[in-house]
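A.B. asks: Sequence:
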Amino acid sequence: MEREHVSSASVAIKASSTAVWGALVSAAAAKRYFFGAKVDSDWAEGSPITFTGEFRGNAYREKGTILRCSPEKMLQYSHWSDLEGLPDLPENYRNWTFRIAPEGTGVLLSVTEDNIPTEAKRARSDEFWPGVLSTIKEIVESESKA
Numbered sequence: 611m612e613r614e615h616v617s618s619a620s621v622a623i624k625a626s627s628t629a630v631w632g633a634l635v636s637a638a639a640a641k642r643y644f645f646g647a648k649v650d651s652d653w654a655e656g657s658p659i660t661f662t663g664e665f666r667g668n669a670y671r672e673k674g675t676i677l678r679c680s681p682e683k684m685l686q687y688s689h690w691s692d693l694e695g696l697p698d699l700p701e702n703y704r705n706w707t708f709r710i711a712p713e714g715t716g717v718l719l720s721v722t723e724d725n726i727p728t729e730a731k732r733a734r735s736d737e738f739w740p741g742v743l744s745t746i747k748e749i750v751e752s753e754s755k756a
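For the sequence shown, the numbering used here begins at 611 and goes up steadily by one.
Just so you know, these hints were derived from the structure itself, not from any lab.
Misleading hints may appear alongside valid ones.
Ranges between beta-carbon positions, derived for each pair [claimed, not checked]:
hint, residue 1, residue 2, range
1, 669, 701, 31 to 39 angstroms
2, 752, 656, 15 to 23 angstroms
3, 616, 752, 24 to 32 angstroms
4, 622, 692, 28 to 36 angstroms
5, 748, 712, 33 to 41 angstroms
6, 752, 700, 35 to 43 angstroms
7, 733, 628, 31 to 39 angstroms
8, 664, 740, 34 to 42 angstroms
9, 741, 678, 21 to 29 angstroms
10, 628, 665, 26 to 34 angstroms
11, 712, 662, 31 to 39 angstroms
The beta-carbon is built from N, C-alpha and C at its ideal position, and this holds for glycine as well.
Produce the complete structure using the sequences and hints provided.
C.D. replies: Shown next as structure tokens:
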């Protein structure tokens, strides 16, 4: 099976890289931008990351490993979801990479998801990520004004 489908999105945020990074690694913020999921990790490279919650009345547990963590610059982790219906095998994990780069008076936050198994699932990711980034932007910009 070919697995080279990639999804990416980005958003400009009028805030510091410190503020954006804080949202990426905050369980409270993640619960808002990941649609109610409880995210748990210590964010150290090699550590586990878990996402638990409910979707359409069904409990789910997603998991991965922190692959790279460069505070205020980049966060990358693997991600596997039991909702996908694929076995929990290394080849079924996607990689989610968040990058923070200076832009104008703020930053550009971008995300790339790779190892997506099908074009249809890539299209679904293309719909998912702009909403996540938009919510991160709202969280960070509202907290920066407070």
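A.B. asks: Just to be sure I understand the hint, the distance between the Cβ atoms of residue 669 and residue 701 should be within 31 to 39 angstroms; is that true here?
C.D. replies: Between residue 669 and residue 701, where Cβ atoms are some 25 angstroms apart, the hint is violated.
A.B. asks: Please test the hint of 33 to 41 angstroms on the beta carbon pair from residue 748 and residue 712.
C.D. replies: Cβ of residue 748 to Cβ of residue 712: about 20 angstroms, so the range 33 to 41 angstroms is violated.
A.B. asks: Take a look at whether the Cβ-Cβ distance between residue 741 and residue 678 falls inside 21 to 29 angstroms.
C.D. replies: holds, 24 angstroms
A.B. asks: Within 28 to 36 angstroms: is that where the Cβ-Cβ distance between residue 622 and residue 692 falls?
C.D. replies: Cβ of residue 622 to Cβ of residue 692: about 34 angstroms, so the range 28 to 36 angstroms holds.
A.B. asks: Can you let me know if the beta-carbon spacing of residue 628 and residue 665 is within 26 to 34 angstroms?
C.D. replies: Because 32 angstroms falls inside the window, the suggested range holds.
A.B. asks: Verify the CB-CB distance for residue 664 and residue 740 against the hinted window 34 to 42 angstroms.
C.D. replies: violated, 23 angstroms
A.B. asks: Are residue 752 and residue 700 spaced within 35 to 43 angstroms by their CB atoms?
C.D. replies: holds, 39 angstroms
A.B. asks: Kindly confirm whether 31 to 39 angstroms is satisfied by the beta carbon distance between residue 733 and residue 628.
C.D. replies: holds, 34 angstroms
A.B. asks: Would you say the C-beta atoms of residue 752 and residue 656 sit inside 15 to 23 angstroms of each other?
C.D. replies: Since residue 752 and residue 656 have Cβ atoms about 33 angstroms apart, the given range 15 to 23 angstroms is violated.
A.B. asks: I want to verify a distance hint. Is the separation of the beta carbons of residue 616 and residue 752 within 24 to 32 angstroms?
C.D. replies: holds, 31 angstroms
A.B. asks: Lying within 31 to 39 angstroms: is that true of the beta-carbon distance residue 712 to residue 662?
C.D. replies: holds, 34 angstroms
Consistency with the previously given hints fails for numbers 1, 2, 5 and 8, ordered from lowest to highest.
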